[in-house]
Amino acid sequence: MGIGLPFLNSKPLTLTFKIPINGFSRFFEELKNGRVMATKCRGCGKLYFPPVAECGECFSSGMDWVELDGEGEVEAFTHVVVRPESFKRNPPYTLVVARLKEGVKVFAKLSNVDLAEVRVGMKVKLKTKIVGDEAIYEFTPV
Amino acid sequence: MRKVAVIGVGCSKFGVRRDVNVARLSFEAVKKAFEDANINGKNVEFLAVGSAGAGGLYEEVLPAVVVAEYCGMTGAGLTRCEAACASGSAAFFTAYMAVANGLVDLAVAVGVEKMTELETPVVMEMLGRAGYYLWEFHGFGPTFPAYYALYASAHMEKFGTREEDLALVAVKNHKYGSLNPLAHFQNRVSVDEVLASPVIAWPLKLYDCCPISDGAAAVVLASEDKLRELKVEDPVWVRGVGFSSGTANLSRRGDYVGLKASVLASRMAYRVARVEPRDVDVACVHDCFTIAEIMAYEDLGFCKKGEGGKLIREGETEIGGRIAVNVDGGLKAKGHPIGATGCAMIYELVKQLRGEAEKRERQVPLKNYVGLAHNIGGVGHYCYVTVLGR
Ligand SMILES: [Zn+2]
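Protein sequence lines, in the order shown, are assigned to chains Z and E. When you line the first sequence up against the working numbering, it's residues 1 to 142, in that order. When you line the second sequence up against the working numbering, it's residues 143 to 532, in that order.
So here's chain Z without its partners, still in its complex pose (with noise of 0.2 Å):
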């Protein structure tokens, strides 16, 4: 409805948050150095991916970091066609939830797969990756 109508341009805003990762910015160095970091909780020993500096279950600050092994098996997955603004220009990605042997789950994209062969079910392994100046971590078929 209205299609046509008046309207007035609001002022344009670009907005960049400057996001503090102290107290996870090893998981970002690490990436840089091909390993994939999950915090286990010194207090209670729960493992978590993502990683945390606090445990939300026993609030303990003591974490240790552990390198996760990355072999996993799919959990959820989907083929994003239709991408995002600050995704527009990548071609369409799939993405998953898989379950690690460490028990912890990971979302990230899933990489070099011919679309017609991801299910539920298949194996796959983490790796880390640098693009541009941002080290990143994906799946890729076992």
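In case anyone wonders, no lab produced these hints; they're calculated from the structure. A portion of the hints provided could be inaccurate.
Claimed, not checked - To give an idea of the interface, some chain Z residues facing chain E are shown, with a C-beta separation under 8 Å as derived from the structure:
1. F7
2. F77
3. S86
Said to hold, decoys possible - Keeping only pairs whose Cα atoms sit at most 35 Å apart, straight-line, the calculated DSBU-like set for lysine-lysine is:
4. Z:K40 <-> E:K402
5. Z:K88 <-> E:K155
6. Z:K40 <-> E:K300
7. E:K155 <-> E:K373
8. Z:K123 <-> E:K452
9. E:K300 <-> Z:K101
10. E:K300 <-> E:K402
11. Z:K101 <-> E:K402
12. Z:K127 <-> E:K173
13. E:K173 <-> Z:K11
14. Z:K18 <-> E:K402
15. Z:K11 <-> E:K155
16. E:K300 <-> Z:K88
17. E:K447 <-> Z:K123
18. E:K447 <-> Z:K46
Beta carbons are placed, not taken as given, at the ideal position from N, Cα and C, and that holds for glycine.
Start from chain Z and add chain E with the ligand according to the hints.
Quick look at chain E with the ligand alone, frame taken from chain Z:
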């Protein structure tokens, strides 16, 4: 806790509303609700505005103050509620509690969203960011359909749910949307058309997804004292509200075949309202995507886990079936202006429970006079279930 009644409801036309800003869109719903309740803005002691996109999807950062001023409610106690796509239910709950606790005798909830002032990829981005930006959106660019598509893939694998079953939800809801003058979509669709529509996030296709809509709905809530003063007889009562939530990170969920928040919120609502799923005559469930309605059937106890596909195939959620679901067109066809949806569900249930549904073909025959609204925020990040009765 005091008894609380709904004495007035109003809903705007849903759709692409480039003809009005957020204040005028709200006014359209509030005016109808005030006329319905026979009150004016000066009578209102507390106003809760549900809107998720303030300053993000549309220009006003403080929509509650803008709406209160434009609709003559300045001076009332005021808040904005955010619970993503359940913001309208959060506002309803807030207004309900203000009356139930005895703090005020007359409160209003307004749900409103303007979603068509930005380009579609930007809207997809804003909704995709609503989860855990740092750990999920930043690296991988999920969209809202993508999140629900993850659930669809797991549900299809585990229970054999088919793309045709998902399509049947769209077919049903478009059918009822075509009978609802307020609905965004007025067209019917066929299973073949749904299956042939372009993929948005596999297995979800265009017709599996709700549209990007503008809309507003308003609800007037009153205490028993106020009912006597206004000489209201036989109102619709709030029988109970249940609520729950789910993790921000989708990767921390136990499974992807249902929303635990829906299970917990509905159990609470049934307990408080002293009803069972089989008592519900008419339900508005959160069908932002077709898979969401299938999961809602199961999570709300309308059928066993895994049998949602069968329920829609057998036509049990049509008018005349076991339980009428989304006979206003649902989010799928009525439209889903995210902050408005919760209040729009209450609007529909009140109209149904009074026997005033428009058009008449979609009036549900009432046996127990019980209606249920199930409103999800995010992907089971928030959930409110509200039971109304007469
Ligand atoms: Zn701990």
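Hints, one by one, checked against the model:
The beta carbon of Z:F7 is positioned within 8 Å of a beta carbon in chain E (closest approach about 7 Å), and the interface hint is therefore held. About 5 Å separates the beta-carbon of Z:F77 from the nearest beta-carbon of chain E, less than 8 Å, and the hint is met. Using the Cβ-Cβ criterion of 8 Å, the hint placing Z:S86 at the interface with chain E is satisfied: the shortest such distance is roughly 6 Å. Note on Z:K40 and E:K402: the hinted pairing holds, with a Cα-Cα distance of about 26 Å set against a maximum of 35 Å.
The straight-line distance between the Cα atoms of Z:K88 and E:K155 is roughly 32 Å, inside the 35 Å bound, and the hint therefore holds. Restraint check for Z:K40 and E:K300: satisfied, since their Cα atoms lie roughly 31 Å apart, inside the 35 Å limit. For the hint pairing E:K155 with E:K373, the CA-to-CA distance comes to about 30 Å; that is within 35 Å, so the pair holds. For the hint pairing Z:K123 with E:K452, the CA-to-CA distance comes to about 31 Å; that is within 35 Å, so the pair holds.
A threshold of 35 Å between alpha carbons decides the hint, and for E:K300 with Z:K101 the separation of about 21 Å falls inside it, so the pair holds. Taking the CA atoms of E:K300 and E:K402, the gap is near 17 Å; set against the 35 Å cutoff, the hint holds. With a C-alpha separation of about 24 Å, the suggested pairing of Z:K101 with E:K402 holds against the 35 Å cut-off. For the given pair, Z:K127 sits about 57 Å from E:K173 by alpha-carbon distance, which is inconsistent with the 35 Å threshold.
The suggested pairing of E:K173 with Z:K11 holds, with an alpha-carbon distance near 31 Å, which does not exceed 35 Å. A C-alpha spacing of about 33 Å is found between Z:K18 and E:K402, which places the hinted pair at or below 35 Å, so the restraint holds. The suggested pairing of Z:K11 with E:K155 holds, with an alpha-carbon distance near 28 Å, which does not exceed 35 Å. Among the hinted pairs, E:K300 with Z:K88 is consistent with the structure: their alpha-carbon atoms are about 32 Å apart, no more than 35 Å.
For the hint pairing E:K447 with Z:K123, the CA-to-CA distance comes to about 27 Å; that is within 35 Å, so the pair holds. Note on E:K447 and Z:K46: the hinted pairing holds, with a Cα-Cα distance of about 30 Å set against a maximum of 35 Å.
This entry does not satisfy hint 12, going by the numbered hints stated previously; all others are met.
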